[in-house]
Every structure is written in C-alpha cells, then in structure tokens.
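Protein chains in written order, with our numbering: chain H, 33 to 150; chain Z, 5 to 409.
Where hints are given, some of them may not hold.
[Claimed, not checked] Within a straight-line C-alpha distance of at most 25 angstroms, the following computed SDA-like cross-link-like pairs (lysine to any residue) qualify:
hint: 1; chain 1: H; residue 1: 118; chain 2: Z; residue 2: 209
hint: 2; chain 1: Z; residue 1: 212; chain 2: H; residue 2: 42
hint: 3; chain 1: H; residue 1: 104; chain 2: Z; residue 2: 99
hint: 4; chain 1: Z; residue 1: 219; chain 2: H; residue 2: 128
hint: 5; chain 1: H; residue 1: 104; chain 2: Z; residue 2: 219
hint: 6; chain 1: Z; residue 1: 220; chain 2: H; residue 2: 123
hint: 7; chain 1: Z; residue 1: 7; chain 2: H; residue 2: 116
hint: 8; chain 1: H; residue 1: 104; chain 2: Z; residue 2: 114
hint: 9; chain 1: Z; residue 1: 219; chain 2: H; residue 2: 120
hint: 10; chain 1: H; residue 1: 74; chain 2: Z; residue 2: 221
hint: 11; chain 1: Z; residue 1: 94; chain 2: H; residue 2: 77
hint: 12; chain 1: H; residue 1: 89; chain 2: Z; residue 2: 7
[As the list claims (entries may be wrong)] Okay, the calculated beta carbon distance ranges per label pair:
hint: 13; chain 1: Z; residue 1: 80; chain 2: H; residue 2: 120; range: 27 to 33 angstroms
hint: 14; chain 1: Z; residue 1: 135; chain 2: H; residue 2: 113; range: 58 to 64 angstroms
hint: 15; chain 1: Z; residue 1: 181; chain 2: H; residue 2: 56; range: 43 to 49 angstroms
hint: 16; chain 1: Z; residue 1: 181; chain 2: H; residue 2: 120; range: 28 to 34 angstroms
hint: 17; chain 1: Z; residue 1: 264; chain 2: H; residue 2: 141; range: 56 to 62 angstroms
hint: 18; chain 1: Z; residue 1: 22; chain 2: H; residue 2: 43; range: 57 to 63 angstroms
hint: 19; chain 1: H; residue 1: 56; chain 2: Z; residue 2: 113; range: 32 to 38 angstroms
hint: 20; chain 1: H; residue 1: 48; chain 2: Z; residue 2: 80; range: 51 to 57 angstroms
[Unchecked claim] Examples of chain H residues toward chain Z, derived with CB under 7 angstroms:
hint: 21; residue: 97
hint: 22; residue: 121
hint: 23; residue: 122
hint: 24; residue: 123
hint: 25; residue: 125
Please keep in mind that the hints were generated in silico from the structure rather than gathered at the bench. From the three backbone atoms N, C-alpha and C, an ideal C-beta is built for every residue, glycine too.
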Amino acid sequence: MKTILLVEDDKNQLLLYKQELLLEGYNIITAQDGQEAINKVKEHTPDLIVMDINMPKMSGIESMGRILSEHKKIPIIINTAYGSYKDDFMSWSADAYIIKSSDITELKDKIKELIGKI
Amino acid sequence: MKKVLVMLLAGGQGERLYPLTKDRAKPAVPFGGIYRIIDFTLSNCVNSGLRKICVLTQYKSYSLDRHLRIGWNIFNNELGEFIENIPPQKRISDMWYQGTADAVYQNIYVLERERPEKVLILAGDHIYKMDYRELIEFHDEKKADITVPCIEVPIKDASRFGVIGIDNNQMIVAFDEKPANPKPTPSNPEMVLVSMGIYLFNTEVLVKSVIVDAKKDTVHDFGRSIIPSLINKDRVFAFMFNDKNNKTIKYWRDIGTLDAYWEANMDLVQIDPIFNLYDRGWPIRTYHEQLPPAKTVFSESFPGGRCGRVLNSLVSNGCIISGAHVERSVLSPDVRIDNYSEICDSILMEGVNIGKNVKIRKAIIDKSVSIPDGKSIGYNLEEDAKQLAVTEKGIVIAHKEMHLL
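Only chain H is shown next, with the shape it has when bound in the complex:
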C-alpha cells in the first residue's frame, strides 16, 4: 500500500483530506507543520507528500527544500490556498502546485498520476 504524508496545519482540512484519501486506498500519515513533516519523513519515508505552505514553525517551502536534499525522489504536491507562491522559485521544486478548493478531484488525480493507486 502506498503511503502519503499529509502536511496541513488546519485540523479540519487535515481530517477532510485524510478521510478522502483513505477512501482512495492510501495509507495516510500526517504532520501539522514543516518541522514535523521533516521528522515524519525520517521515520516513514512516504511515497508522496501533500504539502501546505503557510504553516507555523516552518513553511512548506522550506520544509520541502530540506526533505528534497535528503530524499530527492519523493514526489511532492504543493496544496495551498494561495496562487502567489508560484512566484517563489523554490516552489518550482514541487512536482505539482494545486490551489485548494472544496472539490479535491484535482488533488486525487494528481496523486494518481504521480504514484498510481495502490
């Protein structure tokens, strides 16, 4: 089973994404800020990371840079409410950049495209 690390500081959103992706048949681990995400990657080495950007302690962009320096093959999807981070050069390290919406079909499709279903 493929494992996805969900990084999201908003508890309700985290729960929503978790439920939806569990239904798709993925194993889900979670982190609530960039620093925790780095620690989780060290423990579990997920197959894919869904990363929010605007979070306390450490932003998703900094966290992504650090994760990639050690695990450069893990696909990362940026999942943010803001389009403006696209101007940040480091955000280009992500395999995809998705702007949050109530419909998470786009996110699901992207995950499938990157790692397949199971």
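Assemble the complex: chain H is given as a structure, and chain Z must be docked to it using the hints.
Only chain Z this time, still in chain H's reference frame:
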C-alpha cells in the same frame, strides 16, 4: 546590463595546482606578479559594465575573501551594484556545493531576491579578456534560452573539454564532455569547437534546470549534466569567443596544471607577450599594497664586483635586487634578492627572501619563503624532490611559508 546578475563560481578545490592551492582557493592564486587569477574575470565584468556579482566560494576561501574585500570594494550599493561573497549556507541542503549546478541550486534564494532577467555563470579560474556585452547582445538577437561561449582548439586537446556541435544558425545540436573521438569543426578538420565553461541563462530556464537536475543522480555540473539535458529541447546557442586581447591567437586559459601555470607566467616576460597587460582600453585591476618602487643596487665594475641586473622580467613594487642577477622571471611585490644570486625562468611570490649565492632556475617560490645562502634549486631535480614538489616538466615548487635549510 543592470538586469544581468553574475554568479562567479570560485569554489573548486584546484587540486591540480597543489601546492599553490595548499592555503588558498585556485581563483586566489597569484598570477603575473601583482594579480590573482580571479582578477581577470572580475576585470572583464567591470569592463563589460556588469556590476552585480555574487562570488560563490567554498574551499579555503580566507585568502580569496580577503582579496575581494580589500581589493574589489569598488561597487556602489546605492546604485544597485554589489560584489557578494557567498559560501555554502546550508539553506536547502546540509551538504557543501556538490557541483557547479548545485552551487546555483543552493543559492536560488539569491536569484529570488535579486530577480535578474539573465544570469551569467562565470568561472573564477580562467584567464582571458572578453566583453560580455557582445555575448548578451547575441543572446538577445537569437532569442536564446542559454548561450555558451565557445573557442576553437586543436583536435589533439579536445579530450580535456566539452566539445560542441552547431547547426548553420549557431544553435548547439551536440555536446560531448571530454570525448574520446571528438568531431572536428566543418570548416577546419584540425580544430574542434569547445565550451569555455561559462554560460548565459535566462533566469527562469536556469532555475528550472537546476531544480530538475537537483532531483536526479547526476554530478550536478553545468557542462556534464545541465547543458546536455537542455540541447534539442531549449534554445541553446554557441557564441564565438571574440578576444579583447586583440592578438592573432585567441587567448583563453584554464590554468589547470602547475606546468601550464608556469608557462602562462613565462609568456608574460616575452618581448611581445600573447597576453597583453598594457591595454588601457581593457585594464586589468587588482589590489595593490602601497610599496616603494622596485630597486636595483650595485654596479661595481671591477672583477668580482656586485651588480644588480634584471633582464626580460616583471618586477613589482617593493622589490630590491641587490647585487643579484634576474632573468626571465616574474617577481611579486616585496621580494629581496641578495648578492651574487642568480634567478632564471622563475616565479617569486610576495615577500620571498633570497639569500646570498643562491641559484634558482625553473622554479615557483610561493609567498614568504626564505631561501638560505648558497642554496641551489632547479639544478638537481633528484635532490630538489627530497624537499620540494617537482612537476612532470621539471618545475620545482616551494610552498607558501616553507622553511628551507
């Protein structure tokens, strides 16, 4: 010009120039008496109107940092000009720079702050004169994503370089790093076109390509990883090096070995050197300590008399040649040579002190070395090799601050 940022790569270890790189990075190795190797590239920048410069340093950067701070503090921040020294900062990686492309990747933050339109990637260890404005104009004319300056070299030397194949429009269609069987240029079967190891990038293409490369298992080098992955995909053009040295032979040297270093210095003492340091239209600047003029003393004409004589040599400020004979040599500032000594075909760096009755030929004596009375160097290589470094071609090197008996 204001929209172009220079990233000058000065982080290489320069192992092949050891022991000159024992205590300093290769770009900080003295050259031509008063210069450091990096001065030539920095002078090119200033002469081309490029005044936003990041120098990416790494190994043994103390001497280089100091030279840049003291000697190149000529940029005006208020006008948006700067020269910044950037060592690895562990911003996105816990590693040192893993290659030239990784050095840029680790400094994406700098590009983001600066937001240049184009980035000129230069090397801190080449000696040449080039007007980068012509390169930038060519790049714009061709609507290029990347432009690689190139020079023709004899086919026998091609295996040391990245060999380039171009179409009629000067677009690069092939790039082989250090090939075993290089293809000659269409116009001359004796020559091949090679990359000079410097690159002009549109910023967006640069950022994207170093990010893609960072995720791959490559050597993270522009020549070996990035350029080959971009040709036939992006608009990559070759720009023919137009030498501002204005001699029949184009001058571009990557001072790769101690023998090449010695030869390039010796070229400067020829009657008509290939590399011209005297062109007021393309000045080479450096840091100069305030020292009195060079001086020779003694002209005793009786037999056995002392005579301070200098022939076909470069002699820097602060030197005193006292009753000694100097021929075909390059003397950095503050060198002292005492009575009855003979120096030929040699490079003496700053603060070298030569005693009485010393004989030296074909040698490089690094900074602050004192040679005791009666010593001979370069006349018995087997004997020299017990104490000093000796190259393939028989050049003897005394490293910095070495204590010789």
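Practice task
Would you list, in rising numerical order, the hints stated earlier that this structure does not obey?
Solution key: Going through the list in order, the structure violates hints 2, 12, 14, 24 and respects the others.
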